[in-house]
Structures are given as structure tokens and as C-alpha cells.
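*Asks:* Next come the chains, spelled out residue by residue.
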Amino acid sequence: MNLIDVSKLYVRYGVHEVLSDISFSVAPGDFLAVVGPNGSGKTTLIKTLVGLIPPYSGSILLKGVPLAQTQGLIGYLPQKSSFADPRFPATVREVVYSGLTMKKGRVQHSRDTTSDTAIEHVLRMLQIESLVNTRVGRLSGGQQQRVHLARALVGNPALLILDEPTGALDPHTRECFYTTLQKHNKELGVTIIIVTHDSHSIGTYADTILFLDRKLLFSGSMEEFHQAPSSGHYFDHHHIPGGSPC
Amino acid sequence: MLSEMLQFTFMQRALISGICIALSSAGLGVFLVLRRFSMIGEGLAHTGFAAVAVGLLLGVSPMLAAIPILLLMSLWILKLGEKTTMYGETAIGLVSSLSLAVGVLLASVSQGFNVDLFSYLFGSILAISRLEVRLSILLSVVVLAALIYFYHDLFAITYDEDFARVSGVKTKWINKLLIMMTALTVVLGIRVVGTLLISSLIIFPAVTALQISGGFRSTIVIACISAVISVITGILLSFLLNLPTGAAIVMVNFVLFVLSFTFGRITGRS
Numbered sequence: 001m002n003l004i005d006v007s008k009l010y011v012r013y014g015v016h017e018v019l020s021d022i023s024f025s026v027a028p029g030d031f032l033a034v035v036g037p038n039g040s041g042k043t044t045l046i047k048t049l050v051g052l053i054p055p056y057s058g059s060i061l062l063k064g065v066p067l068a069q070t071q072g073l074i075g076y077l078p079q080k081s082s083f084a085d086p087r088f089p090a091t092v093r094e095v096v097y098s099g100l101t102m103k104k105g106r107v108q109h110s111r112d113t114t115s116d117t118a119i120e121h122v123l124r125m126l127q128i129e130s131l132v133n134t135r136v137g138r139l140s141g142g143q144q145q146r147v148h149l150a151r152a153l154v155g156n157p158a159l160l161i162l163d164e165p166t167g168a169l170d171p172h173t174r175e176c177f178y179t180t181l182q183k184h185n186k187e188l189g190v191t192i193i194i195v196t197h198d199s200h201s202i203g204t205y206a207d208t209i210l211f212l213d214r215k216l217l218f219s220g221s222m223e224e225f226h227q228a229p230s231s232g233h234y235f236d237h238h239h240i241p242g243g244s245p246c
Numbered sequence: 001m002l003s004e005m006l007q008f009t010f011m012q013r014a015l016i017s018g019i020c021i022a023l024s025s026a027g028l029g030v031f032l033v034l035r036r037f038s039m040i041g042e043g044l045a046h047t048g049f050a051a052v053a054v055g056l057l058l059g060v061s062p063m064l065a066a067i068p069i070l071l072l073m074s075l076w077i078l079k080l081g082e083k084t085t086m087y088g089e090t091a092i093g094l095v096s097s098l099s100l101a102v103g104v105l106l107a108s109v110s111q112g113f114n115v116d117l118f119s120y121l122f123g124s125i126l127a128i129s130r131l132e133v134r135l136s137i138l139l140s141v142v143v144l145a146a147l148i149y150f151y152h153d154l155f156a157i158t159y160d161e162d163f164a165r166v167s168g169v170k171t172k173w174i175n176k177l178l179i180m181m182t183a184l185t186v187v188l189g190i191r192v193v194g195t196l197l198i199s200s201l202i203i204f205p206a207v208t209a210l211q212i213s214g215g216f217r218s219t220i221v222i223a224c225i226s227a228v229i230s231v232i233t234g235i236l237l238s239f240l241l242n243l244p245t246g247a248a249i250v251m252v253n254f255v256l257f258v259l260s261f262t263f264g265r266i267t268g269r270s
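Protein sequence lines, in the order shown, are assigned to chains A and B. Oh and the first sequence: position 71 is 71 in the working numbering, straight run, nothing missing. Oh and the second sequence: position 117 is 117 in the working numbering, straight run, nothing missing.
Simulated from the structure, these hints should not be mistaken for lab results. On a predicted model such as this, the values are computed, not experimentally measured, just so you know. One or more of the hints may lead you astray.
[Said to hold, decoys possible] BS3-like cross-link-like pairs, simulated, lysine-lysine; straight-line CA separation at most 30 angstroms: (1) B/LYS170 - A/LYS8; (2) B/LYS170 - A/LYS63; (3) A/LYS8 - A/LYS47; (4) A/LYS186 - B/LYS83; (5) A/LYS63 - A/LYS186.
My request is simple: use the sequences and hints to build the entire structure.
*Replies:* Here it is, written out as C-alpha cells:
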């Protein structure tokens, strides 16, 4: 069974149609990159997938169940998550803790050993365990990105959705970030959907690609994409060189 | 001297009510300030002025009259912001100026209660009744219990509302709860510092704590301590120096803010 099935999805802002007739599936364990020019509806698609924007019509099924009826399956890393307000008084532990949810839609209430272990585990995995009591606003962009990734991963989601997560990162930090994602994808089987303009990393890490321009222009493997006439040599125009290996 | 003051029933009542409002407003204030909602206290306070006028006109306890009116108006502010193209602060401005106008109109048609209304503008905690003390305790227990029970949900929507929604937090419900708790806190504050100064009890302790705190939980604890110190010191100064209590509390709050700001600057926290 597919992890996600999107069928005939239309999204409108008022009378303005932003996405039309989008259908695609994502298999468990996929690393899917969503690409397209600015204003092509990538962020709208992501926000619809996570339930922040209601579709005008069409369906989104997660493990065969309508999106609205699912809980705790998705880990989400929003755009600009490497720009925490430096004045906001939250420690790394407090932010990561907010990623733990209960089935009834409330954040887990009592701090217990299980949640502490989950937080320590995910921070260790992302190599930021020493920052646990540091205020998030005092961290660098790359460190903040890892904290927010930890928040998305701490609940052990089956699916991780990231919206342009590396825009503010330098090449080296970006490379490290992708390496971490790949580790979660390959070793832990977390399915990943990422919106990015970073063509170098897409080519290196993603298995499949979704090319959008308000409608779906291409959906398939990376090799097929390079040969597809609809790609319009997308990568030739959007090449961003990668940094040194992580 | 202190034990002598505490012999007076009106001082005991003032201190109990003052501590109740201090804890509720400081706890809520941290969430409101960080969500850029702090002006909602100001807007609801103006609505409180109209509610007091309604209470005096109908001959019922102004605090009792204010509870349903402020709860309804707080939800209306939220709805205006959500359902129209209006910005949140515009909705607050609209409701608050409308409420002030209603209050002034009611006061002008009923000349008899103008003096009473004045006492609610600037507070008169030293003249608080037994019923109002009981109401203060009850309302603050409700607000503090809700704050503690929904602490993690409130933190989640304050830090990142989109993420909280995706995680399954019922953000609309939590927003409603936050604004309704603010309405109850404003009702509490009407008697203590008055409708004109109540927003200071929400804003000052939070910004004082933000200058020196580390994490979120410690911010709330520091805000509560700062608010309780301000209220107790303000009431005592008011008694000793014959000052208006509401204004004395606000001035102590300001002094604490300056101290914490300076400390934050020196230690590099601010």
C-alpha cells in the first residue's frame, strides 16, 4: 500500500486556482523532491499535504485513510525554520518536546522517562545533545534547523515533509543536513517529501521527483526526469553547487 | 508595621485578590506578549468599562456583569480577525472603541453612577467586597488550572502555530481558550488596578521576565514572582503613602522592569 495517494487535487485561493488536477502516489521509504519555478504552487502543495490548507476538491489519503482522520503520522519542517525569534525564551528541550503529541490531539502532558529518552535519542542522532538547555534563538541557522528537524522527528513519524529547509544554510551545513536526512530515509525507513531549489542535492539524494507548475508536469524517477521533455532542462538553469562532504 | 496592616480586613482582602490577579495575568501575559496579542488586554479592558456601566445600570455587581460580556466580546474579537479581512489589532481597536462609546453613553444617560464608574476606571482594591474576593479566587483558580493543564498546547501554538496544527493540536480551540482566559483576567483586574491600567498587569511582568529568563517555563515563573512582588509592594505603598493603589502597582512593575532590563544588559541576557 502507498503511504500517500493524492487524487485529482485542486486548490484555490478565492477564485484563483493555484493547483489543478494533481495526482500522484508516494511509496513507503521514498525520498521525493518537489521542484518547480517560483510561484508554481510547491509550498501550497506541501501545506495542503500537511492539512494547513483545505483542498478545493480531490482527495489525500495517508495509508489509505483520509488526511483529516490521521494523527501523528507526519513530521513537518516549515519554511524559515532556521530563523527562530532570538527573543523567544525557549530552550532546545522545550522546542523538541512540543513535537510529542498524543492521539487526542494534545501535546503529551506529563514529562516522563519515555519522552525524555525520545528527546535525548533524537538530539544525539542529530549531534546537538550538548545544546539541550540552550535558548534556540541563540543558535546558528544550521543548529536551529537541526533543532526543528529534531522536533519533527521526535514523535517517530512515518512521513517527514520539509519546505525549502536549506535556503538559509551555507553549502557545508546544507550538505550535512542532507546527509542526516538520507540516514533517516535509508536506515530508519522514514519517507521524505522535500521542496527545494537545491538541484545538486536533489540529484544526489532524491529517488523520485515531482515537477510542478500549478499542474503536475512530471512525476517519476530522477533518470526519467532528465530524459523527459517536460523537465525543460530544469537543472541546467537551477544548478547550485554543493559544499564539501559532511 | 506589616502585621498591624494585616490586621485590617480590607488589607487582607486586597492582598488576596491582588495575588490572584497577579498570578493569572502574569501567566497569561507571557503567552499574549509572545503571540503579539498583548493589546488584547487593553481592548478587553475598554470593553470592561462598558460592562461595568451595564452592571451599575442594572444594579448588579459590575464584576458579575462583566464576566459574560467580556467572554462574548473576546470571542467576537477573535471571530472578526478570523472571518473577515481585518487584521487582529484592527478588530481589537474596533471593539474597544465601540465599547468605550457604549460605556460613555450609558454613563451620560444615568448620571447617578458616574462616581462609581470612576472607581472602576482606576481601581479601588482597598474597597473590595467579600463577594469580589471570592470571585477573584474562583476566577484565578479557573485561569491558572487551565494554564497548567493546557501549558504544552499553549507553548506549541505560541512557538509555531502551523507546526502545532500539523501535530494535531486543536489550535482554534486553544486560541479561544487563551482569549477567554484573558477576558476573565481582565474582569479580575477591573477592581485591582481599574480598566485603564489592567493591560499593564498583563504586559509588565512578561517583559520583565523576558529580559532575564532562560527557558519558557522559567519566564512564566519569573513573571509570576515579579507580578506578586509588584502587587504586594504596590498595595503596601498605597496604604503607607496614601497613593492610588492601581498606579502604585504599575509604578512598582515599571521599577522591576528597569531593574531586570539593566541586569539583562549587564549579564548579556537581554
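*Asks:* Each hint should be assessed against the structure and marked as holding or not.
*Replies:* Hint check results:
| no. | hint | verdict |
| --- | --- | --- |
| 1 | B/LYS170 - A/LYS8 | holds, 28 angstroms |
| 2 | B/LYS170 - A/LYS63 | holds, 22 angstroms |
| 3 | A/LYS8 - A/LYS47 | holds, 16 angstroms |
| 4 | A/LYS186 - B/LYS83 | violated, 44 angstroms |
| 5 | A/LYS63 - A/LYS186 | holds, 20 angstroms |
Hint violations for this structure: number 4 only, all remaining hints satisfied.
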